[in-house]
Amino acid sequence: MNAFIVISLIKVAIVFAVLMTTLAYLQWVERKVIAHIQVRPGPYRVGPHGLLQPLADVIKLVTKEDLIPSYVNKPLYLAAPFLAITMALLSISVIPFGPTIEVAGYKTWMQLTDLNIGVLFVLAVSSIGVYGIAFAGWASNNKYALLGGLRSSAQMISYELPMTIAIAAPLLISNTLDLRMLVGTQAGGIWHWNLIRGGQIVSFIVFLIAAFAETNRVPFDLPEAENELVAGFHTEYSSMKFAAFFMAEYANMITVSAMATLLFLGGWEAPWDAKYGSGWVPTAIFALAGFVALYHGINPPRKRDRLTFPAFGVVFLGIAVLFQIPMLQEWILPLFWFAAKTGAILFAFIWVRGTLPRFRYDQLMGFAWKFLLPVAMLNLVATALGVAWLA
Amino acid sequence: MSEVPVSWFLTLSAVLFALGVAGFLFRRNIITVFMSIELMLNAVNLTFVTFSYQLKQVSGHLFTFFVMVVAAAEAAVGLAIILTVFKNRATLNIDEMNSMKD
Amino acid sequence: MDVVLFLIFAIIAVVCAINVVVQTHPISSAISLIGVMGSLAVLYLLLGAEFVAAAQVIVYAGAVMVLFVFVIMLLNAGRETVRGRSFMVQLLGVPLLIAFLGLLAWIAGQFYKPGTGVHFGGFTGGSPIAIGRALFTTYLLPFEITSILVLIAIVGAVVLGRKEMD
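Protein chains in written order, with this note's numbering: chain A, 1 to 391; chain B, 1 to 102; chain C, 1 to 166.
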């Protein structure tokens, strides 16, 4: 019992630290990717290639004046960002990152807690997260904030339905609500994943579209866009509370990408078996990145890069070597595959943001109720018929 | 004693139900009346689940499920009615909705 | 440990329920009702009803109460004025309620022998598999009828919410 508590506390500390760093650097990745889509460099002054930009943003947000207007409903005003970010971080606690590992004699999962209703827990927590936005809009005592908050909450609950029905289809195939067992049923290579063997391509697309709307991302970010409705529900918020809403949005993005990976893409399982060399893939990718960085470091276009490119090259080569150490391989390889798949979906989120214009609100709601929901239901019926016929 | 007696759950359910009835009878705002009805339904759900535990059957959970579905449907239609009434009378006080009284 | 958990969440539930009835602004009542539903979900977990607990949070606290909160925010009707009530009612009301509930608690306690209490893990039949099996075999007819009921409710809500075409 004692060891269990100590191990759990250590896991909580590790996951929290990694998550906070990932949230900060996810914003850096987003700004760089959108900048390169728009053929401009993005942040590159603060630190090498703008890598210290998140630190600069944190310092700016913390030192900004934390203004609480006098006409707001204070208890709800203070509780709303707290609720939003608590629910966003809570849903990470059931996401499994890898298989069972053994550290210093203790067997433990690479997951904070393994609930047998894991999928329902994530859905429940995201349902409560809607209240953070609704109360932010109401407490601000401002017509525009109220309308923005109501629109955003209505959008989130409308898109929860196609999302839930799209989740139900791979659950019919995997037959379990436990997230760890869900990955277990997809073991054995890319042809066992729910996307390929279960044929759940329609569910995957419906889930991703609903996830875009759930997390208030483009093309569904009308309620919080800066040039609409005076910035929507977070109009009256400043400094850390504003930062809390944005951290909540990025944490929600990470959660839905992780859920898509676990439900459709096989979690931490490698696409082909390790004995056919899938252990060499991360090494190859990082080694390639390292050699490209070293090559460009020889004659860089900008003078300051004479130091940074070779430094990055050496770091990448070091990581490539790290993936080949047999003692670390058992837990670092599943972690790599999980991070790679989740990262690919996050890249898709950022790519779509840089590419698509946004929906008008009535188009957005009509799309959910008149198109996504029927498509998700038809997919569920088709999956059920397929499972019944093949079983 | 690390077991909670079953009667405590039933008492809690009775307390919640009584508070729901009190809210239903005493409040004038129609939305608060509606919320007291939801409180009563929740108390009944707790009773169902408690008896399901005591008799070691799953049927109580299923009845809870049906009560939740019916409560959701009732909330949807009831709130739509409230919105229509507010549009016509601009008040949410049930004492002032007495135009059918003689 | 189970007793401590039960007492904490039962007290939260009762305090929030009293708040629902006593508060003047409907939005405070709505937030308190969300609190009641959350603590009831924890009590369901204690009773081994994990699927019902998740359904309570997803459906009741996460969808039905959002509807209530929307309507309150849209209508924005403000606080309710408390009109005078007779002094006798106020004097006798709460003590009579407490006496009645105390009597009920004593009678309920007489029916149960000690040692048949509720503890974590006492009932493992509340898993989604058990519920699914019972729902689609024994209770198939109520399931189909409630789905038609929900369809009727959707049609009713859409008709009531439509703008009148004059």
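It should be emphasised that the hints constitute simulated quantities derived from the structure, not laboratory data.
Careful, some of the hints might be misleading.
Distance windows between CB atoms, simulated [stated by the list, open to error]:
1) A:V352 to C:G156: 36 to 46 Å
2) C:L140 to A:T86: 16 to 26 Å
3) C:G125 to A:N175: 16 to 26 Å
4) A:M181 to C:V3: 43 to 53 Å
5) C:I129 to A:I205: 23 to 33 Å
6) C:V22 to A:T176: 41 to 51 Å
7) B:I81 to A:T355: 42 to 52 Å
8) A:L378 to C:I145: 17 to 27 Å
Result set (DSS-like, lysine-lysine): computed pairs, CA atoms no more than 27 Å apart in a straight line [what the hints assert, rightly or not]:
9) A:K11 to A:K64
10) A:K32 to A:K11
11) B:K87 to C:K163
12) A:K107 to C:K163
13) C:K163 to A:K370
14) B:K101 to A:K143
15) A:K107 to A:K275
16) A:K143 to A:K11
17) A:K64 to A:K74
18) A:K60 to A:K74
19) A:K143 to A:K74
20) A:K74 to A:K32
Don't be surprised by glycine CBs; every beta carbon is placed ideally from N, CA and C.
| task | Compare the distance between the alpha carbons of C:K163 and A:K370 with 27 Å, and conclude whether the hinted pair is satisfied. | result | 19 Å, holds
| request: Starting from the range 42 to 52 Å, see whether the pair B:I81 and A:T355 falls in it by beta-carbon distance. | output: Check passed, 44 Å falls within 42 to 52 Å.
| field | 27 Å limit on alpha-carbon distance, applied to hinted pair B:K101 and A:K143 | value | 38 Å, violated
| Taking only the CA atoms, is the gap from A:K32 to A:K11 under or equal to 27 Å? | 31 Å, violated
| Does the structure keep A:K64 and A:K74 at a Cα separation of 27 Å or less? | Holds: A:K64 and A:K74 sit about 20 Å apart, inside 27 Å.
| Outcome for the supplied range 43 to 53 Å, where the beta carbon pair is A:M181 and C:V3 | 33 Å, violated
| message | Hint check: A:K143 vs A:K74, CA-CA at most 27 Å. Holds or violated? | response | 17 Å, holds
| Does the Cβ pair A:L378, C:I145 satisfy 17 to 27 Å? | 23 Å, holds
| When you check the alpha-carbon spacing of A:K60 and A:K74, does it fall within 27 Å? | Distance of about 24 Å is within 27 Å: holds.
| message | Hint check: A:K11 vs A:K64, CA-CA at most 27 Å. Holds or violated? | response | 33 Å, violated
| Do C:L140 and A:T86 keep their Cβ atoms within the hinted range of 16 to 26 Å? | 40 Å, violated
| query | Per the hint of 36 to 46 Å, is the separation of the Cβ atoms of A:V352 and C:G156 within bounds? | reply | Hint holds: Cβ distance 37 Å, inside 36 to 46 Å.
Violated hints, listed in ascending order, are 2, 4, 9, 10, 12, 14, 16, 20; each of the other numbered hints is respected by the structure.
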